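S.K.: Guided by the hints, dock chain B onto chain A, whose structure is given.
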Amino acid sequence: MLIDFLFELRKRKLPVSTHEWMALMEAMALGLHESSLDGFYHLCRTLCVKDIALYDAYDEAFLAYFKDIHTDALQLTEQIRAWLADPRNLEGLTDEQRAALAELDIEKLREMFEQRLKEQKERHDGGNRWVGTGGTSPFGTNGNNPTGMRVGGGGGRSAMAVADERRFKEYRRDVVLDVRQIDVALRGLRRLGREGAQEELDLDETVDKTCKNAGDIDIVFRPPRRNRVKVILMMDVGGSMDPYAELVSRLFTAASRAGRFAKFRSFYFHNCVYNSVYEDAQFRKGVPVADILSHSDRDEKLVIVGDALMHPAELLDPGGSMYLSSQNRASGIEWLRRLNAHFRSATWLNPEPERFWAGTTIEVIASVFAMYPLTLDGLAHAVRYLVRGGQRPQIGDPAKWMKAVVG
Amino acid sequence: MASDETFEQFRGTDSYIVSDELRHAVNVAVALARPLLVRGEPGTGKTLLAENLARALNLSLVRWHVKSTTKAKDGLYVYDTVARLHDSRFGGDVKDIAKYIKLGPLGEALASPSRVVLLIDEVDKADLEFPNDLLHELDAMRFRIDETGQEYAARERPIVVITSNNEKELPDAFLRRCVFHYIQFPDRALMAEIVKVHHPDITDRVLDNALEVFFGLRQTPKLRKKPSTSELIDWICALKKAGVDLARVSGGIPFLGTLLKTEQDVELVGKRAKA
Numbered sequence: 013m014l015i016d017f018l019f020e021l022r023k024r025k026l027p028v029s030t031h032e033w034m035a036l037m038e039a040m041a042l043g044l045h046e047s048s049l050d051g052f053y054h055l056c057r058t059l060c061v062k063d064i065a066l067y068d069a070y071d072e073a074f075l076a077y078f079k080d081i082h083t084d085a086l087q088l089t090e091q092i093r094a095w096l097a098d099p100r101n102l103e104g105l106t107d108e109q110r111a112a113l114a115e116l117d118i119e120k121l122r123e124m125f126e127q128r129l130k131e132q133k134e135r136h137d138g139g140n141r142w143v144g145t146g147g148t149s150p151f152g153t154n155g156n157n158p159t160g161m162r163v164g165g166g167g168g169r170s171a172m173a174v175a176d177e178r179r180f181k182e183y184r185r186d187v188v189l190d191v192r193q194i195d196v197a198l199r200g201l202r203r204l205g206r207e208g209a210q211e212e213l214d215l216d217e218t219v220d221k222t223c224k225n226a227g228d229i230d231i232v233f234r235p236p237r238r239n240r241v242k243v244i245l246m247m248d249v250g251g252s253m254d255p256y257a258e259l260v261s262r263l264f265t266a267a268s269r270a271g272r273f274a275k276f277r278s279f280y281f282h283n284c285v286y287n288s289v290y291e292d293a294q295f296r297k298g299v300p301v302a303d304i305l306s307h308s309d310r311d312e313k314l315v316i317v318g319d320a321l322m323h324p325a326e327l328l329d330p331g332g333s334m335y336l337s338s339q340n341r342a343s344g345i346e347w348l349r350r351l352n353a354h355f356r357s358a359t360w361l362n363p364e365p366e367r368f369w370a371g372t373t374i375e376v377i378a379s380v381f382a383m384y385p386l387t388l389d390g391l392a393h394a395v396r397y398l399v400r401g402g403q404r405p406q407i408g409d410p411a412k413w414m415k416a417v418v419g
Numbered sequence: 250m251a252s253d254e255t256f257e258q259f260r261g262t263d264s265y266i267v268s269d270e271l272r273h274a275v276n277v278a279v280a281l282a283r284p285l286l287v288r289g290e291p292g293t294g295k296t297l298l299a300e301n302l303a304r305a306l307n308l309s310l311v312r313w314h315v316k317s318t319t320k321a322k323d324g325l326y327v328y329d330t331v332a333r334l335h336d337s338r339f340g341g342d343v344k345d346i347a348k349y350i351k352l353g354p355l356g357e358a359l360a361s362p363s364r365v366v367l368l369i370d371e372v373d374k375a376d377l378e379f380p381n382d383l384l385h386e387l388d389a390m391r392f393r394i395d396e397t398g399q400e401y402a403a404r405e406r407p408i409v410v411i412t413s414n415n416e417k418e419l420p421d422a423f424l425r426r427c428v429f430h431y432i433q434f435p436d437r438a439l440m441a442e443i444v445k446v447h448h449p450d451i452t453d454r455v456l457d458n459a460l461e462v463f464f465g466l467r468q469t470p471k472l473r474k475k476p477s478t479s480e481l482i483d484w485i486c487a488l489k490k491a492g493v494d495l496a497r498v499s500g501g502i503p504f505l506g507t508l509l510k511t512e513q514d515v516e517l518v519g520k521r522a523k524a
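Heads up: the protein sequence lines correspond to chains A and B, in order. Residues are numbered in our numbering as their position in the first sequence, beginning at 1, plus a constant of 12. Residues are numbered in our numbering as their position in the second sequence, beginning at 1, plus a constant of 249.
Extracted from the complex, chain A is given alone in its bound form:
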């Protein structure tokens, strides 16, 4: 039956492998789950979920799968036996009750318990019949029936309660980004190479040279390894980007950190890239895009951040810029195509939630640039794409959409 739980986990995008599942089976054969649901909750999590960001999804899966199973039901018989064996539990009883109890078959007691569990449909606190907490029924925990049986517990919190609380929610990967997380994601963006001052001892070369030198030591130095990746960051500011200003500034802070990249340049634009981008967010110092194209190495990595949302005319018509001063003949989409064609690796990060992408200019721009959402996952994918290339995400069907708009 547990195999369904594996698929429940995988359905929620938890990357549980057969390898891990076998380990879980092995551990259960060793009794490491302590024959309880709580034990199983922790055992399975510790073996199958290797990322705090996935704990919340695990909790969800666990709740969904085990919602009908009562905590510690498996341990029941043992507990009843132990309870009956402990004479302290019988102190408050009269002789007649004790005699009656001695006749009470364990199986019968268990049946009664399960019967009540089935009848009970909801959480129960207080009262004198149902299983729950703080009541006087013989079944439950923290109750004050002197003959009551403690069900589950033992001080700790039950797995269901833990899962139900969903304490790991804030660790979810797909929510927000802080500078540090961006930092970590950007670390993947590197290619080490040796350049600059020779300040590191090259051991192999030294040995080689020394041998050729008939044993007379000849020391060879080399430059240390440094990141050779160069990055150009272009950011959309103002207008519809205002809600994301804080997020974009965090990305900028992380990316511009000294020593991160061999070369880092950043530019601003509004709405869409036309013939100029700007060095400052107030759009005073313009830089012609044509200059950037002719003066930059094709190996530089271009990262554009923007919501890619605009009126179709602003993107597709020649001279689509809202500013009269930037009259130009090529359309926005044409400039974007030129940028993407020039740089060997380029990506577009979009802070707009993915569910709003369909049927907008986002789809059109995503057909030019490999577009990823500006979330931790999206950023990680974008970095991987920049470094290794590969398949870019398919977003919508821009051709169809464009036909409908342009006619």
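Quick caveat, the hints were computed from the structure, so don't treat them as lab data. Everything numeric in this text was worked out from a predicted model, so none of it was measured.
Straight-line distance between alpha carbons at most 30 Å, and here's what the computed DSSO-like set of lysine-lysine pairs gives: (1) A:K221 to B:K322; (2) B:K351 to A:K221; (3) B:K348 to B:K320; (4) B:K374 to A:K242; (5) B:K344 to A:K221; (6) A:K224 to B:K351; (7) B:K474 to B:K520; (8) B:K471 to B:K523; (9) A:K224 to B:K348; (10) B:K490 to B:K445; (11) B:K320 to A:K275; (12) B:K320 to A:K221; (13) A:K25 to B:K374; (14) A:K224 to B:K322; (15) A:K221 to B:K348.
M.R.: For chain B alone, coordinates are given in the frame of chain A:
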């Protein structure tokens, strides 16, 4: 239960308090003979876990502190070519290569005649591919020295504890082989227990006041680095040495520098205190 001897070995030590979840994870890792990967906020006692595990089980501890330049092979052995070259120049006998092989921490743990605890500290500091390079040795628990052809195989599988600060994503293949535990920041009750272990003579009133300030501070929004357990313990130590009574102090937290480590944070807390 029949598995009682293999399970439930570790229950913390007199100076190290473990939560139930962590105790469980440690025992699972020991029973399954898989490496235990521990993550969590800095200062939650990840490294101390290995030390105390070794102490509790009465095994010796081999430490391997990973740095940004560490390579997986260094952990097995280092072939000191420079020393050999040096000896050859000055007429020493250099035929025996084994003389120039030094075992690294991982090699030492595998070659050890008895069971040891191996701590691989801050595995995420090294290159992205570093954990992958360890896979074979951690799986098979054996390695070969290429230069001499000598083979080492662990007689008893060492207990491997790996810590990581969550800075980098670790490779999937590596994660698959580990038992994973995320050390959550202790709640107030557990924290009180932890402090008592380090400062047994602390009175409840002082402890209460200190925890009040500490957890209040952790809740300050926009802190760059929240104070951690080890900082709390240092802070209480400083308070005790200086004989400061927290209940009587007004205006500002004494020895704030032991709790907050960046200028911006100190400034931020100062501003909030005034307002």
